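Take a look at the letters that make up each chain.
Protein chains: 2
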Amino acid sequence: MEEPEIAVTLEPLGKTIHVLQGTRLIEAIASAGVTLDQPCGGEGTCGKCRVRMKSGACEATLVDQQCFSAKEIRQGWRLACQAVVEEPAVVEVPETSLLPSRHTILTDIVEGEPEVADPALRKRYVELTPPARGDEAADMLRLEAVVGPLEADVDMLRLLPGRLRENHFRGTVVTNEDELIDFEPGNTEAECHAVALDLGTTTLGAMLLDVATGQQRAMASRTNPQVALGDDVLSRILHARERPEGLHELHRAVVEAIDEMIGELCEESGVRRDRIYKMTVSGNTTMQQLFCRIDTSSLGEVPFVPTAARRIILAAAKLGVTIHPRGRVYVMPVIGGFVGGDTVSGILATGLVENDDPTLLVDIGTNGEIVLFAGDRLTAASTAAGPAFEGARISRGMRAATGAIEKVLFDQRLHLHVVGNVAPVGLCGSALVDLAAELLRHGVLTSEGRLLPQDKLPKSVPSDLRRRIVAHKKGLAFVLTEESETAGDRPILVTQRDFRELQLATGAIRAGVTILLKRAGVKPEDLDRVLIAGGFGNFIRRSNAQRIGLLPPGIPRNRIRYQGNTSLAGARLAALSRTARVQAEQLARRTEHVDLSSDPDFQTIFADAMIFPDDGRD
Amino acid sequence: MEEPEIAVTLEPLGKTIHVLQGTRLIEAIASAGVTLDQPCGGEGTCGKCRVRMKSGACEATLVDQQCFSAKEIRQGWRLACQAVVEEPAVVEVPETSLLPSRHTILTDIVEGEPEVADPALRKRYVELTPPARGDEAADMLRLEAVVGPLEADVDMLRLLPGRLRENHFRGTVVTNEDELIDFEPGNTEAECHAVALDLGTTTLGAMLLDVATGQQRAMASRTNPQVALGDDVLSRILHARERPEGLHELHRAVVEAIDEMIGELCEESGVRRDRIYKMTVSGNTTMQQLFCRIDTSSLGEVPFVPTAARRIILAAAKLGVTIHPRGRVYVMPVIGGFVGGDTVSGILATGLVENDDPTLLVDIGTNGEIVLFAGDRLTAASTAAGPAFEGARISRGMRAATGAIEKVLFDQRLHLHVVGNVAPVGLCGSALVDLAAELLRHGVLTSEGRLLPQDKLPKSVPSDLRRRIVAHKKGLAFVLTEESETAGDRPILVTQRDFRELQLATGAIRAGVTILLKRAGVKPEDLDRVLIAGGFGNFIRRSNAQRIGLLPPGIPRNRIRYQGNTSLAGARLAALSRTARVQAEQLARRTEHVDLSSDPDFQTIFADAMIFPDDGRD
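Residue numbers (numbering that gives the first Met the number 0), protein chains in the order written: chain A, 0 to 617; chain B, 0 to 617.
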């Protein structure tokens, strides 16, 4: 019942991903963490998401033929929103097809070479005039005369005089903002790296960046090892509070994992650890505080107060992260106890405030964070949406790891995609969304979230769905895989209760969106753009998200756009651009936190939001 | 032959010093490190140096009678420049009688209570509103709402949430500039201290300050233990360069001594070490770099290049100085390799640039630093004057330690003052200056620096001088004490060679002054003020300094003012005032270093300067 995966290699990234046959190319690319510009929402009308399929090109559509010349089509140019993966492909993704907000902040096209505008981290090879009688300026002033005002800590000053003289005053000045980080022998301008880190509750994602060009050199991800000490934010706060060494334990676990990931990044790219000068960290408030080893107790009780709101700067060496000995770690500013640096990253990376029109950002992770920009005001809220979407509290739920059914399609019969292409072990959140949407479409699931028994099903229900409804304990269940098809010889059932969990999670997000819109006096149809973020968000198909009512009705689908992992994208921006770093701070302070549960209509709105839409036009 | 010392106690300082009977009160006060305002140069015409002799008052002079009412005179009010110490005295020194430049930067009289204007270090007791539903601002923002924008390092952030909650959000916020240093339980506003340190080549002086009032709480001094590893700057640079552990050894020696001195300050004042939040350090460039453990090799060879020019900030804890765990150490900015933080302190503390008129500052230490402010330009030079003034390279020379003859007066017979009131061991620089001046006055020493044999002496030479000229090795010598009066049964002789050394030292300083004046086109008589600084400078009597030609002829004596230890005074200002700290940085960058030896007339000027003036009007 599994579909074979097809390899798609992205250039110049050099990354290969595996997707189901028939996957839209733009979604395939998104699953590699690369988000293309699609202002038309994938309708094929804007012509922005141009890529060149160097091999494995599909047939050009009519839209392609309007967009490209015959020669271009022969060369493999296609719109990624139109193209479908049918055979193994090599796809070239031009820098100009990336999301414009990331693009404009970051890069400035100079003779075709992308260059980072206003980098915080800089390298410059210099040949200073050595001191001589009549030119006895201090070493630091000699450097400043060439590179501008500098600060230096005493460790750097202890190193500097010897370094300058051994190298006859020739070498590469490394600065971060106004701080002198090193004076390296020879010209090392080409080796200037930073790491951007998405510090997820469940998953850690790290990206090695070439700061001079803004390009990604390597990517690593792994499960956050803190999971073993607590499944979600609250259980980790409890672990930190209740055990004598709890906080240290959580801190050490994640820092060690990050240090290992940096090792992987270096191995993959051939970059030396000491040529990484900076790491930017973006996560929710609790994850960021645990990372810094700041007590999280106050985040675990009403009114959920964080310690710091502004960015935190740490010495990497003191933290136990091996990069350059004077490398710095920047932790993103936060908005509040439950709206953290990852949300700030999202606001930054999506360029949320760059248009005047009302825009909504929904970041679906273990928590759901919602940000509304309307009438020059930024409001943000957090919902406890997480567990179901992440596969938790679902009978056979699991994370999107090997063995997880991550996609469900129905086309005469049920098609499943399993991560790692192995026998399925369980299902993750995106598959649950897919399944619920399909069952709603076919009338197997009612808008109240009730599974119908076989005898109550409409005639139109296809037999491959109908036969899967079985009795289970006190209710019904849907058989996703028979025991013969499953690892461990147990069928994978999705129970009535599981659909209730999904209803709760979906309802929480929709209620949050509804309340933010209501408070701002904005109607769903007034939203110019709805941006869906989060590693998980990326895997949900827009049509299915709308079908289950994740967003309030009335939002035209072409206004919904996937933004990929915006937490990582924001960390990347903060690593590369001083302007972006300053913007992040301003955005964090400017955003107003809305406590959803204190809204008088919360209960009513939440109850309404739990009803699946009657009439999802797919 | 020794004179008894008389105790003078200064209030509100609570400090007692011992001086020779007949010492002018203003000089007695200066020897305690307290410099009074005397714009008239001690002529008694300005009436600024008002003090109240609570006991031991001398007769009021005519000048006093013009200055004060009869009642005030009965209460003990006198001008310190007119008063003479005749019996043990208790003297009240009002804040308003202090040097105005130090006074105006530092203090603002608020209802009679001195308050430091613009302190960098502040304490404020706050009672914050604890977080509640609807008021979930971050801990740091909660503090910022009360005390303004704050930065905090991660150590502070780790401590903060617990500290706030244990104390129900009530306590004392400690900030240094914009940095949060601590949140202390209870109201500790009254306990806010800093240490100012004069890092001399020979002597370390440390002052414990109450930052809120600017007042001195305790004072400690000791010989710089680095002396054991090298007598002067150059020999220490050599020690650091030639031995594997040399730099560390020098660093450790001075840091340990400073840490012990802080212990003494705490013991004397009853102040807790962790209530000291800051230390400012002022010394010559080499001493400052050794203190920071920054390689000094380049300071030991042409063109004598320092590593850093701007101030250096270190964590006290990292340095091994036990003050508050997050206390900071600020090391003064420097002008050049041989014009260091001590000179910047001098420019700052004397308010050198605050008047428009040409002003000269001469700091007499192991090196002589000279600064000229004229026509809005600041120029500075350094001369290798030191050894003789500090007692080095003098046959029986020694530092102003116990057993040193530090003062020589001639009044029918020779009067000597010995430090510690013990049998003399040798003589220090100030005694050498006194002696040379007396011998020049009486024609025993010629202006070429030659001691005359008894048979060539003018008839007028008093017998107590005449009998002391003796033959010694290949030349003559002057017997300061007979062997019977001396510790160790050896007479203390001052040889012809010793007077040559003094000639060299004096000549170096006068040549430096002459060259700076020449380059600026300023005549000596155009100088509005000549400020003499340095712990040693303070002990030289103005008349004797002029008699031996330490300064070019033509400077009216009433324009010469003693400033005391301006290195310490500058460190004190930098510890207390943010404005002063910023000014120090600006002054350092604004001052132009003049390499005296590169002046084409240097040799001629230096040779001329070695001739003692013919005609010293005493």
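The reader is advised that the hints may include incorrect statements.
Covered stretches of chain A, as calculated for chain B (at least 3 residues, CB under 8 Å) [stated by the list, open to error]:
id, region
1, 156-168
2, 292-298
3, 301-308
4, 325-337
5, 471-478
6, 590-600
Simulated from the structure, these hints should not be mistaken for laboratory data.
These figures come from a predicted structure and were not determined experimentally.
Glycine included, every Cβ here is placed at the ideal spot set by N, Cα and C.
Cross-check of the supplied hints:
With 6 residues having a beta carbon nearer than 8 Å to a beta carbon of chain B, the region 156-168 of chain A meets the requirement of three or more and the stated coverage holds. Here the region 292-298 of chain A counts 5 residues with a CB under 8 Å from a CB of chain B, which clears the bar of 3, and the coverage holds. With 8 residues having a beta carbon nearer than 8 Å to a beta carbon of chain B, the region 301-308 of chain A meets the requirement of three or more and the stated coverage holds. Residues of the region 325-337 of chain A with a Cβ under 8 Å from some Cβ of chain B number 3, which satisfies the need for three, so the listed coverage holds.
Under a criterion of three residues with beta carbons nearer than 8 Å to beta carbons of chain B, the stated coverage of the region 471-478 of chain A fails, only 0 such residues being counted. Only when three residues or more bring their CB closer than 8 Å to a CB of chain B does the claim for the region 590-600 of chain A stand; here the count is 3, and the claim holds.
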